[in-house]
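S.K.: So the chains spell out like this:
Number of protein chains: 2
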Amino acid sequence: MIVVKVGGSAGINYDLVCDDIAALVKSGTQVILVHGGSHETNVISERLGKPPRILTSAQGYTSRYTDSETLDIFAMVYAGKMNTRIVERLQKRGVNAIGLSGIDGRLLEGPRKASVRAIVDGRQILVRDDYTGKVEKVNTGLLALLSGAGYTPVITPPACSTEGEAINVDGDRAAAMIASAIGAKQLIILSNVPGLLRQFPDESTLITHIKYSELEQALSFAEGRMKKKVLGATEAIAGGVEQVVFADARLPNPIANAIAGKGTVISR
Amino acid sequence: MIVVKVGGSAGINYDLVCDDIAALVKSGTQVILVHGGSHETNVISERLGKPPRILTSAQGYTSRYTDSETLDIFAMVYAGKMNTRIVERLQKRGVNAIGLSGIDGRLLEGPRKASVRAIVDGRQILVRDDYTGKVEKVNTGLLALLSGAGYTPVITPPACSTEGEAINVDGDRAAAMIASAIGAKQLIILSNVPGLLRQFPDESTLITHIKYSELEQALSFAEGRMKKKVLGATEAIAGGVEQVVFADARLPNPIANAIAGKGTVISR
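Protein sequences appear in the order of chains A and B.
With the working numbering, the residue at position 107 of the first sequence is 107, and numbering never jumps.
With the working numbering, the residue at position 160 of the second sequence is 1160, and numbering never jumps.
These are computed hints drawn from the structure, not numbers from a lab.
Each hint should be verified, as a subset may be incorrect.
[As the list claims (entries may be wrong)] SDA-like, lysine to any residue: derived pairs with alpha carbons at most 25 Å apart:
| no. | chain 1 | residue 1 | chain 2 | residue 2 |
| --- | --- | --- | --- | --- |
| 1 | A | Lys26 | B | His1209 |
| 2 | B | Lys1050 | A | Ser45 |
| 3 | B | Lys1228 | B | Thr1208 |
| 4 | B | Lys1137 | A | Lys227 |
| 5 | B | Lys1262 | B | His1209 |
| 6 | B | Lys1228 | B | Lys1092 |
| 7 | B | Lys1137 | A | Ser45 |
| 8 | B | Lys1137 | B | Lys1227 |
| 9 | A | Lys227 | A | Ser180 |
| 10 | B | Lys1092 | A | Leu142 |
| 11 | B | Lys1092 | A | Ser68 |
| 12 | A | Lys50 | B | Pro1052 |
| 13 | B | Lys1092 | A | Lys92 |
| 14 | A | Lys92 | B | Arg1112 |
| 15 | A | Lys92 | B | Pro1201 |
[As the list claims (entries may be wrong)] Here are some, though not all, of the chain A residues that point toward chain B, as calculated from beta-carbon distances under 8 Å:
| no. | residue |
| --- | --- |
| 16 | Ser101 |
| 17 | Tyr151 |
| 18 | Pro252 |
[Said to hold, decoys possible] Output of the computed footprint for chain B on chain A, the stretches with three or more beta carbons under 8 Å from beta carbons of chain B:
| no. | region |
| --- | --- |
| 19 | 53-63 |
| 20 | 72-81 |
| 21 | 102-115 |
| 22 | 256-263 |
Just so you know, these numbers come straight off a predicted model, no measurement behind them.
The C-beta atom is built at its ideal place from N, Cα and C for all residues, glycine as well.
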């Protein structure tokens, strides 16, 4: 059983990802796919006249400012367009995929942040209408029920708050929680870069191996969205996952390459 | 076990529908909810600069012209926004709902129409890039798996073509197929009218009872979207469902009222 997370950045080739998933499933490996949708959400937000706004925490982590209207757009793109089209790609390849967001059967559950202190457009503000949170609980029973019956789960944010609200959560950290909760040996995190780069965006500076004890230090190399991937990797390994691989989803055989150790391999 | 279909027209009160579903589930009744999203799809289509286009068949049935871009919007609204927000309403009410589109686990499967002869903008044309079809097969095993584990399925188009493509299908007829396939006794079809009206839109002309043998005649009273509801009712009863009720989803207790016989009751 492996967990694959594929990001939502521009340049990612979902056909190639789904080719590899179909090959794995046909060879008898159970796969859980988690996906993002950030780039497409930005595009649709602009087209709907609601341009994305980014919150930056004091620690430098960025997240989408998700008021109720933004959550509608977020759900439309992640759970609607992206999820449906990925499930369709898998169905066309003979994989009986089932798309689920984290609110379905409280698959991904956690508290909604009451308020977020953040820097928005350069000014520090206290945000109270933000529907975001952090996954603390995974409904492993539902995943076992579906995987056991031969289905391949395709999972996306939003998650479910303790009160039952749809909330925006980080996909990489959600994938890490899923991998830990189900006892997966491997978590593969695919995006539009070859892995963690010592000098972003110079791809010749790829870091090929990181030990768990070096992860805090590695965080200093991480730019933008890569910060949360490093955080997710840290949480996954702390949660018992043996290996996390950051790999490239723009080239053929992205998952097979990651399994073969191409990318940034993180382990104890 | 009852199947409830709630439409996607303007004026429908989903909070009231979910109040009733929560009451039913708490009293031990298994419910499967099927929903639409036509009005909101029209709104989002306009906002995205892709206004809806309607196909009218020779028999006078209307459907959405669903090219690939329209299917993206359709999936965003039906499977993204509408489905997520209905599941959220149920989760907030203590119902462990799971949202599924028809492509998930090939829940709703049928052939895609190779081409559609239709009247578009007043002219008869042969449409070849339309992603529509008709549900012929329901994955009852998946519904039994989820209902048996205590989940309440919340189902929406799109469906899955035989080749694994996402296709637009009529929600009322899909609900009829589901009700027949699982052997439901009752199918409740909620919309923004009190039922079938002899003289649309005069609500004082509500037809309270229709026998199965009178359904073909009743079709002549049906305006616009009500035509497919009558067709769905016909298919449901032919498929073994004892009773179909058309009822009003704008007023409190819409499902309890329908169960009590308020609306248009159709039976053998």
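S.K.: Run every hint past the structure and note whether it holds.
M.R.: Evaluated hints:
A C-alpha spacing of about 53 Å is found between lysine 26 of chain A and histidine 1209 of chain B, which places the hinted pair above 25 Å, so the restraint is violated. A threshold of 25 Å between alpha carbons decides the hint, and for lysine 1050 of chain B with serine 45 of chain A the separation of about 15 Å falls inside it, so the pair holds. Only pairs whose Cα atoms come within 25 Å are accepted, and lysine 1228 of chain B paired with threonine 1208 of chain B is accepted, the gap being roughly 18 Å. At roughly 46 Å between alpha-carbon atoms, lysine 1137 of chain B and lysine 227 of chain A are farther apart than 25 Å, so this suggested pair is violated.
The suggested pairing of lysine 1262 of chain B with histidine 1209 of chain B holds, with an alpha-carbon distance near 10 Å, which does not exceed 25 Å. Distance restraint check for lysine 1228 of chain B and lysine 1092 of chain B: the Cα-Cα separation of roughly 32 Å exceeds the 25 Å cut-off, and the hinted pair is therefore not satisfied. Straight-line distance between C-alpha atoms of lysine 1137 of chain B and serine 45 of chain A comes to about 36 Å, which puts the hinted pair past the 25 Å bound. Taking the CA atoms of lysine 1137 of chain B and lysine 1227 of chain B, the gap is near 22 Å; set against the 25 Å cutoff, the hint holds.
For the hint pairing lysine 227 of chain A with serine 180 of chain A, the CA-to-CA distance comes to about 19 Å; that is within 25 Å, so the pair holds. For a cut-off of 25 Å, the pair hint linking lysine 1092 of chain B to leucine 142 of chain A stands: about 19 Å separates their Cα positions. Our distance criterion of 25 Å between C-alpha atoms is met by lysine 1092 of chain B and serine 68 of chain A, whose separation comes to about 16 Å. Between lysine 50 of chain A and proline 1052 of chain B, the direct Cα distance comes to roughly 21 Å. Compliance with the 25 Å bound is thereby established for this hinted pair.
In summary, the hint linking lysine 1092 of chain B to lysine 92 of chain A is not supported, as the alpha carbons are separated by about 35 Å, beyond the 25 Å threshold. The suggested pairing of lysine 92 of chain A with arginine 1112 of chain B holds, with an alpha-carbon distance near 14 Å, which does not exceed 25 Å. A distance of roughly 44 Å separates the Cα atoms of lysine 92 of chain A and proline 1201 of chain B; the hinted pair therefore is violated under the 25 Å criterion. The beta carbon of serine 101 of chain A is positioned within 8 Å of a beta carbon in chain B (closest approach about 6 Å), and the interface hint is therefore held.
At about 5 Å, the closest approach between the beta carbon of tyrosine 151 of chain A and any beta carbon in chain B falls short of 8 Å, and the interface hint on this residue holds. Hint on proline 252 of chain A is violated. Least Cβ distance to chain B is approximately 21 Å, over the 8 Å limit. With 0 residues having a beta carbon nearer than 8 Å to a beta carbon of chain B, the region 53-63 of chain A misses the requirement of three or more and the stated coverage is violated. Only residues whose beta carbon comes within less than 8 Å of a beta carbon in chain B count, and the region 72-81 of chain A has 8; three or more means the coverage holds.
Taking a C-beta to C-beta cut-off of 8 Å, the region 102-115 of chain A contributes 4 residues in contact with chain B, enough for the three needed, and the coverage statement holds. Three residues within the 8 Å Cβ limit are the bar, and the region 256-263 of chain A against chain B gives 0, so the coverage statement is violated.
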